[in-house]
Amino acid sequence: MSKLNIKNLIKSFPSMDRPAVNNVNLDIESGELVAFLGPSGCGKTTILKMITGLFQPDSGDIILDEQSLLKIPTEKRGVVMVFQNYLLFPYMNVNENVGFALKMKGVDKNIIDQKVKEMLELVKLPDIGLRKPKQLSGGQQQRVALARALISNPRILLLDEPLSNLDAHLRDEMRDLIVTIQQKLKVTTIFVTHDQEEAVLLADKIALIFDGELQNFTSPKNYYEKPKNIKAAKFFGGVNFINAKKDNHNLSTNIGTVHYKGENYTDLNEDNIITIRPENIKLSKNNDFNDNSFKGLIKSVIFSGTHTRYKIIVNDLELECSLQSVGLQDIKTDDTIYVHLPSDKIWAMNE
Amino acid sequence: MNNNLKKINIYAIYLGAIILILPLIAFFINAFSFRWFYPQVIPKELSLQAWVRLKLIPKPGQRSFEGFIELWASNPTVIKALLNSLSIGFLVTIVSIIIALPAARVLGLLNFRFKKLIIFIMVSPTILPPIAFVLGLNINFISWGFSGNYFGVCLVHLVPIMPYVVLTMTGIFANYNPDFEHQARTLGANKTRTFLLITLPAIAPGMVVAALFAFLVSWSQYLLTFLIGAGKVMTLPLLVFSTASSGNPALTAAISIIFIFPAILILFFTSKFVSGESGATSGFGKI
Ligand SMILES: Nc1ncnc2c1ncn2[C@@H]1O[C@H](COP(=O)(O)OP(=O)(O)O)[C@@H](O)[C@H]1O
Ligand SMILES: [Mg+2]
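Protein chains in written order, with my numbering: chain A, 1 to 351; chain B, 1 to 287.
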């Protein structure tokens, strides 16, 4: 159980014209499961390697339980990383791989054997101790790598893209296993992913990173409902964006005045952007809504199973709306429609 | 590959082997014969006279255990040359690998400007005739006091050896994933243990091949030993040449066998690493 503070972390490589990691600040609480989310090349692995000590930061600090890690060599940090391609040692069998960290600590052989057995049971691979890594499937290798990482009770567990090399069906299984084990052992965990859905399903909190810069660090729910900026909103599937100006506790846009209840009104700049999730927009043929209701024209209707997606033109602006398919009103292309943006579901952000 | 072509290839390999082995057989017969001349297909009379003259086998009548010991203890030239060749070979092999290891790692793992140029410069001693740079070196060696002694010879052997060793080892590291070492570090292994437990097993097969090259190049070195050793450091190739020019075929054959035998022995024990299976480039295999 350890808490991690990352302060003003910067790291550049000579081959790059911008810093690979640019002034990142993060406070991760003890026992949290945190996702680093961002497109490939945004610096996720580089941050992990600085936490392990494999890279030295140019400046900034990494503090584990109130103590700076920077002067401590990798092997003494108690930070264990599981690399993207598992990296099981090919000359050792599974037992030797899993027991490696305890052997390095000089633990008694019998105790190592006992712990190895426990760890393999934890990852649900009890009978493969004598096999060589080459004889394992990708999913099995991943689990052995996890067992090997956890055996020494690390203070921080780092998982670099733990699911991205697995087939789709193995991915779900592995994801559940990671959550189960993390909750059982309560080890502070950071995992890296470029898959927004994966981050949402797994993490207590998500650190969204673009081009080496931390965009936001908050709960998955907030990314959907209260994104910090348009980039973050788009990364989580946001499609509706409306330019707005502050107007006496309301927001004025070119589709009309929008009533706003968001708690961040005072923090907003004069010019800002409104967003709303497609599933929060309501439609009506008759103007049933007395608030934030705007007249528009249906441009297209796409049935996609449980949901049906509509594109609506309101004053030259295109909005997208997604409604549950059951019990729908009969709405067709070119129909005139009233679009309702519930004032507690819209969110304005600075740009 | 079609079947006929395969057969032809296999025959070609056999033929090659026979071409290599036939002279060895001739050497062998020659070394144990007494005056074996042209039209005779096999020698009329077998004899150990060549070995007696090399002082490896005592004269008839003294061939007891004590006789052998006494003879060998008298430090015959052949044994001196054999020990010199072996010790120079081992020393130079170890030194070349220790020097090549970091260089090959950088060349194999990193990409940087002028990398090709640097590799070319390192390989150039294998293309240039050794005499070209040795004559230049010799003057320096004399002034540094390395000429005409054992360490001078060791040093100059490194010149033709280093390219082979560095290139072979670069091949290993081209296939090498340093993240295995990083993984070991985060699991609590310090740098020394990481090298011993992770790096070394991965590069060992390639290192054996590099060592084999190094040893054999040193073992068969004539010109450089001759020029830098200035006749004061006797090795087997020098002895072979001087004996051959003396014109006694049995003697030449006997000493050639002594020259070839250790090389064959070493090849035999390391052939496992040279064959395609493990290969010169081992790294961590396919993951
Ligand atoms: N050892 C290195 N040397 C030079 N550049 C590097 C090195 N490691 C990473 N980079 C660069 O830093 C950037 C971020 O890399 P990385 O942290 O691996 O991204 P991510 O894990 O988010 O995909 C990339 O542009 C990459 O090319
Ligand atoms: Mg990465």
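Check before you lean on any hint, since a few could be wrong.
Simulated pairs of lysine-lysine, DSSO-like, Cα-Cα distance not exceeding 30 Å [to be verified]:
#1 A:K71 with B:K232
#2 A:K3 with A:K105
#3 B:K272 with A:K132
#4 A:K76 with B:K191
#5 A:K285 with A:K228
In short, the hints are calculated from the structure, not lab data.
Hints versus structure:
no. : hint               : result
1   : A:K71 with B:K232  : violated (55 Å)
2   : A:K3 with A:K105   : holds (23 Å)
3   : B:K272 with A:K132 : holds (21 Å)
4   : A:K76 with B:K191  : holds (12 Å)
5   : A:K285 with A:K228 : violated (33 Å)
Hints 1 and 5, counting from the list given before, are not met by this structure.
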